[in-house]
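2 protein chains.
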Amino acid sequence: MFVTALEKRDDEIIQPGARSWSWSTELVRGAPLPSSCCPPPTTPPPNPTSSMWSQKRKVLMVMVTLGLVAALIRSWTPRPYTSVDVRPKQETKMEKLLADRLVLSERKYDDIPYRVKESVLGLLAHNGCVCEGETRSINLPYANLLFPRVSAQNLHTVFKESELDEVKRRRAQEYNSFQKRSQTAADLLIVAEANSPLQYPTQGVEVRPLKTILIPGLALIQKTRERYSVNFTATMGTFDIAAFVDEVAIKGEGEMQMTLSSRYLSALNRQLQFVTYTNTLFHPNTADTVQFGTDGHQSVFTIKVRHGVTPKLYNPGPKGEYNMSALVTIATKTFLRYDKLQDLIDSIRQFYPTITIVIADDNEHPKPVTGPYIEHYIMPFGKGWFAGRNLAVSQVTTKYVLWVDDDFIFTANTKLEKLVDILESTTLDLVGGAVREVTGYKASYRQTFSLDQGGEDGDCLHIRRGFHHPIKGYPNCVVAEGVVNFFLARTDKVQQVGFDPRLARVAHLEFFIDGLGILHVASCDDVIVDHASKIKLPWGQSESDKAYYKFRYPPSSSDTVQTRSELFYFKNRFQCLTRN
Amino acid sequence: MFVTALEKRDDEIIQPGARSWSWSTELVRGAPLPSSCCPPPTTPPPNPTSSMWSQKRKVLMVMVTLGLVAALIRSWTPRPYTSVDVRPKQETKMEKLLADRLVLSERKYDDIPYRVKESVLGLLAHNGCVCEGETRSINLPYANLLFPRVSAQNLHTVFKESELDEVKRRRAQEYNSFQKRSQTAADLLIVAEANSPLQYPTQGVEVRPLKTILIPGLALIQKTRERYSVNFTATMGTFDIAAFVDEVAIKGEGEMQMTLSSRYLSALNRQLQFVTYTNTLFHPNTADTVQFGTDGHQSVFTIKVRHGVTPKLYNPGPKGEYNMSALVTIATKTFLRYDKLQDLIDSIRQFYPTITIVIADDNEHPKPVTGPYIEHYIMPFGKGWFAGRNLAVSQVTTKYVLWVDDDFIFTANTKLEKLVDILESTTLDLVGGAVREVTGYKASYRQTFSLDQGGEDGDCLHIRRGFHHPIKGYPNCVVAEGVVNFFLARTDKVQQVGFDPRLARVAHLEFFIDGLGILHVASCDDVIVDHASKIKLPWGQSESDKAYYKFRYPPSSSDTVQTRSELFYFKNRFQCLTRN
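Residue numbers (my numbering), protein chains in the order written: chain A, 801 to 1380; chain B, 801 to 1380.
Honestly, the hints are just simulated from the structure, not real lab data.
Computed from a predicted structure; not experimentally measured.
You may find that some hints are simply not true.
The list that follows gives simulated cross-link-like pairs (lysine to any residue, SDA-like), each with its CA atoms no further than 20 Å apart [to be verified]:
1. K1272/B x P1084/A
2. K1272/A x N995/B
3. K1023/A x K889/B
4. K1242/B x D1330/B
5. K1272/B x K1023/A
6. K980/B x H1083/A
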């Protein structure tokens, strides 16, 4: 984004050639568009006090009285604020205007025939999405292993017939409110008119709430005529000018509608370089629609009104080798497996003796877990898997958080530095590693997501094993969207996405699904952690193992399926899930 | 945003007048812009099996062999993915091109003089921000109460001289990475050229990753000539056409550069209605820059590439009266004040017997806190204030969360239904109430924030008491940006902002500062909770009170100030804080 700096040195008419004023221009990427101006004002020096004591006392008395009176008046007289409606807005006139213009434009060529191109037409979204799995004609042995079959689940089926209508109604209502809260005029479709004499910014104009900016890029390039004129209209702010240009008439300075006109086109265009917009209707994150027009032409553009994104930066510590304890916190949740947890801790300490380990524990009879750099949190019994995950990550104070399950074992191959390096050097937010089973089989599960729009019934989510593409410079890594439960991630991003505490037992991909559009995810198969106990061998299981499996995989897992499906249907507004 | 539905019924050339094809148009606000097409494909029926058993066995053998060979080949031959660089990008050619064009356009009128308008110029951002408080010439009694003085804090002063340079360097580096991760081409300043024969969409075009959309609003309105031609260029996707129009030559179908040309303008424009864009370079949240040009003219617009925002909707329960237990969870943190905590719980139960209360507890010797619908979480001793707040809200499973301090008392005036009503009916995210002290004085603290850009040194945050505007329909409520510690909020929003666990002792506004641009905040003074113990009376303090105050307000609070200032400086990138 472009910042034009206007440095003031003298408040007088500047003649051409005189260089009292200097223009400096600077490309500032992404910043809102103010124009810097005068050097900062200085505090006026204090006034000297009067010499006579009695006079001073009289003055003081008067001032105190005035002060008290002022304070009283101030507290009794409400400030002249205008009350603002913050209820969700219906479709505005502007939206209707834009929509109508587009329809008219498209209808012009209705009579010209065309032949469909099948291959492309098929890629466009359908009016609804398809919720079907694959069926096989012949079931070959190992077919599922070699060519995993796609299964499909119509999510509305988890609700009883009798309650389904009500659930649909409520979901539509909640979604509608959500859309009204999260969308602004900056999401509207706007089409630029052809052959318009107006030059204007189509994107990238931003102002902080209640602040003022110069609107960049405005001009009128029109054929010779008697008089040239442009007008501005806004709904959440006012227009003004930062400087006067001779021979330009201005009407509506400081108002929501302003007109500039002149006999000289160059004067008008010079004036247009000084048009300002001031946001007057407070909102923390919205956009105003500006209409900029001249005789016979009207353009529309938006100005985003918002505080810049407040960063959440972490101090990475001194340059050079990564200080792992300052950069990374290890987080895990434990239940019924204190022995495995202790094995995990011991294995971590061999390689990272001072790294903080945060443990969320929802055992019925919690035991102490102690040691340096260990933080142990006790939860209500059985509160659950994702509740525990959310708790653990909520306590992390370092730049990165490493998620591990309580039955992992660190080995010499568990080089966290590699994972830190990839996040320090790229724009990725989360990178998973690989988990090696007792059998020696190493798994770096990767999934990709595809979302098809489904209209009012909700979208269709398609989950497929695999990844999107390899990563340049990191030959063992690929970009995916779902990875194993062994990953390093930016703490602020994980906290922003969160682990839904309603998921008590089995859940995994829900985190990545909630992270869609937020997390940029990768998976590297050269950072490996061992998995103490994935395979359920009938011998070699301790009592706690047995109790764990009984809890973790209850005979009837229908409650779990019910909860997960209900959440996909209602919370995420899906109608269908397909996966292989 | 506009959705154009193209329904296919027959794959043949449609003559003008024949209505086998129907166009339906539908205004869809905010949705990405696909075009719906054919009815969903149906699964082909399974093939009947052969009658002879030996033939079947041979066929099976062949198929199994082929299948195994295919699987082997598939696992050995890597898919033809192109490796992608995900390191932060430097300024692209496109950005430079846009910047240069704007400079040229502005320099045209350099020789025309102007006179500054002081009142407006002063509102524009300066080249740096001012970090000054107010000094008073005469210190009147009660002056600070009536007219609170503004104090200013230059944040860099909390660092030692010797370490300041290094801290600045690291902060600049972290901020730079943050910007590269969070900005896309959709933030660039783009200016539409005047008198261009091109009609095109300037905002609102969006595609889901790896999907295809029709680009709306494209047209060429040009004076008569021999041949009309347009070209398209993209960097993260390819162009194609969904249908063929006679007399239009197409070059580059399915590629990143495509050209359309025709002798007939109307045919070209009809063809332009079928231009599609397919995202080919996966990224969860980015934007592609499309150049759309014709002879002598070049326009630029962006297409957002991202999954739609996955909603996090909560089921509000049946229509009618608010089911408070289903809608609201009360969250609090406790330390050394079990007696007050119990008073709080007892008072809540008088009015809301089944509402869930989540308690984060970082006492050194935790005591059990039991009762129905109580969730008690034990933290490591003294882990801290915001860590406890973050823990508590991380466990909430209802649509709304009510924050209370552990020394509040609910009364008949603590009508949570009023707070629920305002959030259910408006786009607000958080609404604070009022806290009544022992003395009877009722406080609904409200603050507003103002952020001035400060360039490389960081921004200046100005905190002022007061509010922005009243709310229509809610005469006791106003919109502000910081409120008391008694508020009802949307759970997903509070979890998204979070309470920074690095803030161990005193902190309050940091939550609202982290929420800038995310939370829409209000304050209502007619929902009141009593405060058991704000005033530190020397008599009537229990032993636990004394221990609490000793911990909460240590003699030297410099550590706290240090931490808070360091966080403001580094994490949020401020250089200055002023407040009254």
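Here is what the structure says about each hint:
1. K1272/B x P1084/A: holds, 17 Å
2. K1272/A x N995/B: Violated, at roughly 43 Å.
3. K1023/A x K889/B: violated, 42 Å
4. K1242/B x D1330/B: holds, 9 Å
5. K1272/B x K1023/A: violated, 48 Å
6. K980/B x H1083/A: Outside the cut-off at roughly 26 Å; violated.
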